[in-house]
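Engineer: Chains H and Z, in that order, give the protein sequences. Using the working numbering, the first residue of the first sequence is number 443, and each one after it goes up by one. Using the working numbering, the first residue of the second sequence is number -16, and each one after it goes up by one.
Derived by calculation from the structure, the hints in this document are not laboratory data. Please note: incorrect hints may appear among the correct ones.
Under the rule of at most 27 Å between Cα atoms (straight-line distance), these lysine-lysine pairs were calculated in the BS3-like manner [as the list claims (entries may be wrong)]: (1) Z:131 with Z:120; (2) H:656 with Z:40; (3) Z:67 with Z:40; (4) H:574 with Z:66; (5) H:574 with Z:99; (6) H:655 with Z:88; (7) Z:88 with Z:66; (8) Z:109 with Z:120; (9) Z:109 with H:574; (10) Z:105 with H:574; (11) Z:4 with Z:230; (12) Z:105 with H:656.
Chain H stretches covered by chain Z per the calculated footprint, using a threshold of three residues with CB under 8 Å from any CB of chain Z [unchecked claim]: (13) 470 to 476; (14) 532 to 541; (15) 560 to 567; (16) 579 to 589.
If you want the ones that stay clear, here's a sample from chain Z, every Cβ over 10 Å from chain H, calculated [as the list claims (entries may be wrong)]: (17) 59; (18) 65; (19) 110.
Ideal placement from N, C-alpha and C gives every residue a C-beta, glycine not left out.
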Amino acid sequence: MNEILVIVTRLSESFMLNCKLFVLTLLFALPLGMLIAFGSMSRFRPLRWVVRTFVWIIRGTPLMLQLIIIFYGPGLLKIPFSWPNGGPGRFIAATVAFIINYACYFSEIYRGGIESVPVGQYEAGQVLGMTKTQIFFRVTLLQVVKRIVPPIGNEVITLVKDTSLANIISNKEIIMMAGEYSNKGLIWPLFATGIYFLIFVGALTILLNWVEKKLSYFRA
Amino acid sequence: MAILEVKGIEKSFGTLKVLKKIDFSLERGDVIAIIGSSGSGKTTLLRCLNFLERPDKGSIVVNNEVIFDAMDPATQRESEVRKKRLHFGLVFQNFNLFPQYTVLKNVTLAAELLAKGRPNFKQEKKVILKEIQDRGKMLLSQVGLSEKLDYYPHMISGGQQQRVAIARALALEPDILCFDEPTSALDPELTGEVLKVIRNLAERNTTMIIVTHEMDFARDVADRVIFMDGGVIVEQGPLQEVFGNPKEERTKQFLARYKKG
Ligand SMILES: Nc1ncnc2c1ncn2[C@@H]1O[C@H](COP(=O)(O)OP(=O)(O)O)[C@@H](O)[C@H]1O
Ligand SMILES: [Mg+2]
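The shape of chain H in the complex, shown without the other chains (with noise of 0.2 Å):
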């Protein structure tokens, strides 16, 4: 009995790091997509096109070779930049990578989002004499928010299941901790690891749904 709450509690620690990772990956990548978003549509072509297939590459590769090339990258390249010595510099390296291809992943359903409201709209509120920051926050936005929140919300879900990807660089996330468990020949705690991520997806879809509904009162 001992042991099992031992090993829960050791569980439990573990999945922080993943927790920690979810939060600044959102924290962190939300924003940034904005900005790549609208690199990505910017009206300078190189700009554009520096920022298109930049994120082209993110997309196209692994999140696990992107972990893999940000944290042993500088070491492997000689380039004059380390990561910090041990359980934080893998930390900081990880989230590096998650921020740079949620990010990504991000800009482009924004790009979608803004892309898809109707030129009419922009034009509905010129020629009413709206500034176009006005249009922007009174007409677009929530047009926007509305069609992106389903695809953002399935990001997040997969994000909150990537985060275990951390653990190819050493960082010890839940799986890696049930891991080291199995290894000696306890298999539950693996078991047990499948749990905690049923149960943040389950609250994150519960409060997603809740925007969706909270946003259905128009159509868009």
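Using the hints provided, position chain Z with the ligands relative to the given structure of chain H.
Structural biologist: Then chain Z with the ligands, alone, in the frame of chain H:
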């Protein structure tokens, strides 16, 4: 005295000349119907008047004030344009209502945003907003939608949406109200209610430019008619002349097509 003078407007998209030397004028309280087959440049002309397209040549004069001159960049500054375009209102073919706002808010939003720029807005906020609300309600009752103030656009029919769009365009009291085929996105049974609203406006001496394919309606409300083809005004004049006694061969052919159909 003419309320609107359009002088020598030309507009190309790339190598395609869409408007060539458009000249016409409009008296206060008059209704001009613009007719012509599709692709003749009618929409582009309305968009030029509403500053949604910038003409390559020509000028637009409202109440003797030059509001656009292709030769004079000072008339094309963003902040200037925003004020000057308010001389015109535009009712779009497909309404373009704001889906996230109620019918009433659709009508009042722009007026509220404009009011924020007034110097006395802070002190008299309540009074000003109340005035705008009341005016919005009055306009909506004028188009027969008093019952629908709190509805969202998707909850009402196309004909009702277009009537909201008309009220919205009237909210800023434009000198000249433009319509781009206001009924062509509607089911036939819904066109009547929209045309009735426009007829009412004509009776109240609203100055209007109406692009339409509804020849009977044009005959009914218009004082003058402009017939366009291939980006030029082929013929223009008082209603009776253009409809009753067209001079140009192309006008005759166009009108004949509508008589048969
Ligand atoms: N933004 C645009 N870019 C290129 N061509 C356009 C654009 N808008 C309109 N045109 C062209 O201009 C011509 C006139 O169009 P339009 O003004 O919409 O005519 P109408 O309203 O009489 O049907 C058409 O040949 C159309 O294809
Ligand atoms: Mg047209």
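Engineer: All hints are to be evaluated individually against the structure, with a verdict given for each.
Structural biologist: Hint-by-hint comparison with the structure:
A hinted pair counts as satisfied when its Cα atoms are at most 27 Å apart, and residue 131 (chain Z) with residue 120 (chain Z) qualifies at roughly 10 Å. Between residue 656 (chain H) and residue 40 (chain Z), the direct Cα distance comes to roughly 49 Å. Violation of the 27 Å bound is thereby established for this hinted pair. For the proposed pair residue 67 (chain Z) and residue 40 (chain Z), the alpha carbon gap of about 18 Å is at most 27 Å, so the pair holds. In summary, the hint linking residue 574 (chain H) to residue 66 (chain Z) is supported, as the alpha carbons are separated by about 14 Å, within the 27 Å threshold.
A C-alpha spacing of about 15 Å is found between residue 574 (chain H) and residue 99 (chain Z), which places the hinted pair at or below 27 Å, so the restraint holds. A threshold of 27 Å between alpha carbons decides the hint, and for residue 655 (chain H) with residue 88 (chain Z) the separation of about 21 Å falls inside it, so the pair holds. Annotation: proposed proximity of residue 88 (chain Z) to residue 66 (chain Z) holds, straight-line Cα distance about 21 Å (limit 27 Å). Between residue 109 (chain Z) and residue 120 (chain Z) the alpha-carbon distance is near 16 Å, which keeps this suggested pair within the 27 Å criterion.
Restraint check for residue 109 (chain Z) and residue 574 (chain H): satisfied, since their Cα atoms lie roughly 26 Å apart, inside the 27 Å limit. Between the alpha carbons of residue 105 (chain Z) and residue 574 (chain H) the distance comes to roughly 23 Å, so the proposed pair stays at or under 27 Å and holds. Between residue 4 (chain Z) and residue 230 (chain Z) the alpha-carbon distance is near 20 Å, which keeps this suggested pair within the 27 Å criterion. At most 27 Å may separate the alpha-carbon atoms for a hinted pair to count; residue 105 (chain Z) and residue 656 (chain H) exceed this at roughly 31 Å.
Coverage of a stretch by a chain is defined here by at least three residues with a beta carbon nearer than 8 Å to that chain's beta carbons; for the stretch 470 to 476 of chain H and chain Z the count is 0, and the condition is violated. For the stretch 532 to 541 of chain H, the stated coverage by chain Z is not satisfied: 0 residues place a CB nearer than 8 Å to a CB of that chain, which falls below the threshold of 3. For the stretch 560 to 567 of chain H, the stated coverage by chain Z holds: 6 residues have a C-beta nearer than 8 Å to a C-beta of that chain, and at least 3 were required. Coverage of a stretch by a chain is defined here by at least three residues with a beta carbon nearer than 8 Å to that chain's beta carbons; for the stretch 579 to 589 of chain H and chain Z the count is 5, and the condition holds.
No beta-carbon of chain H comes within 10 Å of the beta-carbon of residue 59 (chain Z); the shortest separation is about 14 Å. Interface exclusion of residue 65 (chain Z) from chain H breaks down, the closest Cβ pair being 5 Å apart, not more than 10 Å. Every C-beta of chain H lies more than 10 Å from that of residue 110 (chain Z), the closest at about 21 Å, which supports listing it as non-interface.
Violated hints, listed in ascending order, are 2, 12, 13, 14, 18; each of the other numbered hints is respected by the structure.
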